[in-house]
Amino acid sequence: MLEIKKLTKKYDTNTIFRDLNLTVNDGEVLSIVGPSGIGKTTLIKILAGLETANSGHIMLNGDELPVDGTRFDAKVGLIFQDFNLFPQYTVIENITLAPINVRKTDKVVARQQANNILTTLGMLDKADLYPYQLSGGQKQRVAIARALAMNPQILAYDEPTSGLDEVATKQVGDIVQTLKGQGVTQLIITHDQTFAEMVSDRVFDFATEVQR
Amino acid sequence: MNYLMEILPSLLAGLKMTLGVFFLTIIGSVPLGIIVSLGMKSPYFTIRWIINGYIWIMRGTPLLLQLIFVYYGLGMIGITFPRFEAAVIAFIINYAAYLAEIFRGGLQSMPRGQYDAAKVLGFNKFQTFFKIILPQVIKIIVPSFGNEVINLVKDTSLVYVIGLGDILRAGNIAASRDVTLLPYLLVGLIYLLMTAIVTVALRRSEKRLNIWR
Chain U
1 MLEIKKLTKK
11 YDTNTIFRDL
21 NLTVNDGEVL
31 SIVGPSGIGK
41 TTLIKILAGL
51 ETANSGHIML
61 NGDELPVDGT
71 RFDAKVGLIF
81 QDFNLFPQYT
91 VIENITLAPI
101 NVRKTDKVVA
111 RQQANNILTT
121 LGMLDKADLY
131 PYQLSGGQKQ
141 RVAIARALAM
151 NPQILAYDEP
161 TSGLDEVATK
171 QVGDIVQTLK
181 GQGVTQLIIT
191 HDQTFAEMVS
201 DRVFDFATEV
211 QR
Chain F
1 MNYLMEILPS
11 LLAGLKMTLG
21 VFFLTIIGSV
31 PLGIIVSLGM
41 KSPYFTIRWI
51 INGYIWIMRG
61 TPLLLQLIFV
71 YYGLGMIGIT
81 FPRFEAAVIA
91 FIINYAAYLA
101 EIFRGGLQSM
111 PRGQYDAAKV
121 LGFNKFQTFF
131 KIILPQVIKI
141 IVPSFGNEVI
151 NLVKDTSLVY
161 VIGLGDILRA
171 GNIAASRDVT
181 LLPYLLVGLI
191 YLLMTAIVTV
201 ALRRSEKRLN
211 IWR
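Residue numbers (full-length UniProt numbering), protein chains in the order written: chain U, 1 to 212; chain F, 1 to 213.
Just so you know, these hints were derived from the structure itself, not from any lab. Each residue gets a CB set at the ideal place from its N, CA and C atoms; glycine is no exception. Worth double-checking, as some hints may not be accurate.
Computed, partial: chain U to chain F, Cβ under 7 Å [what the hints assert, rightly or not]:
{"#": "1", "residue": "Ala48"}
{"#": "2", "residue": "Leu50"}
{"#": "3", "residue": "Asp73"}
{"#": "4", "residue": "Leu78"}
{"#": "5", "residue": "Asn84"}
{"#": "6", "residue": "Pro87"}
{"#": "7", "residue": "Asn101"}
{"#": "8", "residue": "Val102"}
{"#": "9", "residue": "Tyr130"}
{"#": "10", "residue": "Tyr132"}
Chain U residues, not near chain F, derived (Cβ > 12 Å throughout) [what the hints assert, rightly or not]:
{"#": "11", "residue": "Thr23"}
{"#": "12", "residue": "Ile38"}
{"#": "13", "residue": "His57"}
{"#": "14", "residue": "Lys170"}
{"#": "15", "residue": "Asp174"}
{"#": "16", "residue": "Thr178"}
{"#": "17", "residue": "Gln193"}
{"#": "18", "residue": "Glu197"}
So here's chain U without its partners, still in its complex pose:
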């Protein structure tokens, strides 16, 4: 379970959000909606340890995640808006690089796990391609697979439907549902209200439910 308590983020005198409280239950899919530039991505970056917060607490399954920028772990899996795949590695290498180097997983085991994830996402036949050879939707699935390979306790998506066509958007929705079926806790940042209502158990409106 993810619990965000009284989280505050300011840039100088500009308050992005104040005393934000938010809970995501295990296995739940929560969408955070709101127009762009409102601070949704800032929140997800703090959650992933890429940004610092001014005050507040983040608890993930009972452990406190520091919000002061001192984190170096993979407890929160993040799917970036522009995916940020590593261009010099093939799909399978992108997925196994962190398990092998960070978790010290055996190469054969890591590969097997990656293959399982790729099978779930319908991408097994793309395992040996390089990122530039993939479409946007395929890149996104690799990004999801790469995050999942580290067994994160929660998976967070930053604008997963931006730049995708209708078919690819529906596929993302299907993946979210498949992962939900496997018990993965998911947090989705999106400005796409329709998509949010379609895939999530609960929608959090960042424009109206947040103090500034």
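Based on the hints, put chain F in the right spot on chain U.
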């Protein structure tokens, strides 16, 4: 033809010296250049200040002058190196400065997202640099790196100034002894051969790196 065969042994002896300076400079200046380029981004003002001063001197004065300083200048204040070592040291610190600037350009062109992606996957700074950033920087800088390598092939001829016998000096001696330009012609051909080899090697590595974009 007979004459060329006659002077070839002395030219080849000079070539050995040229190649020695060339390879040792590459081996020494690449890692030093990487370290210097990372130092340019240091949070400590003093380190950045020292490095900028070093690069300014290395790029702002002739390599010929630097050779003289390392050999004769340092000798005057009691730091003496044999001629060959002095030449290699001067070349390494000079080329490291140029390479550092090239690496810096490559590092600056890396998108922030690559660092972010590495961080959320739990990579430490060391792994992020060597596994994720460096391979991409290498691909970006191969063409400008190649330029420097070719310059180095020709710059090695400057070692004559501290009395080392490289290939150009060997040609020079033969030319003035026998009053003919033929040795110079042969020396020119050997330089062309060396730069051709470097060019082919660089093309190949560029091609290998082009399997990903």
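Query raised in the report: Going back to the hint list, which numbers does this structure go against?
Result: none
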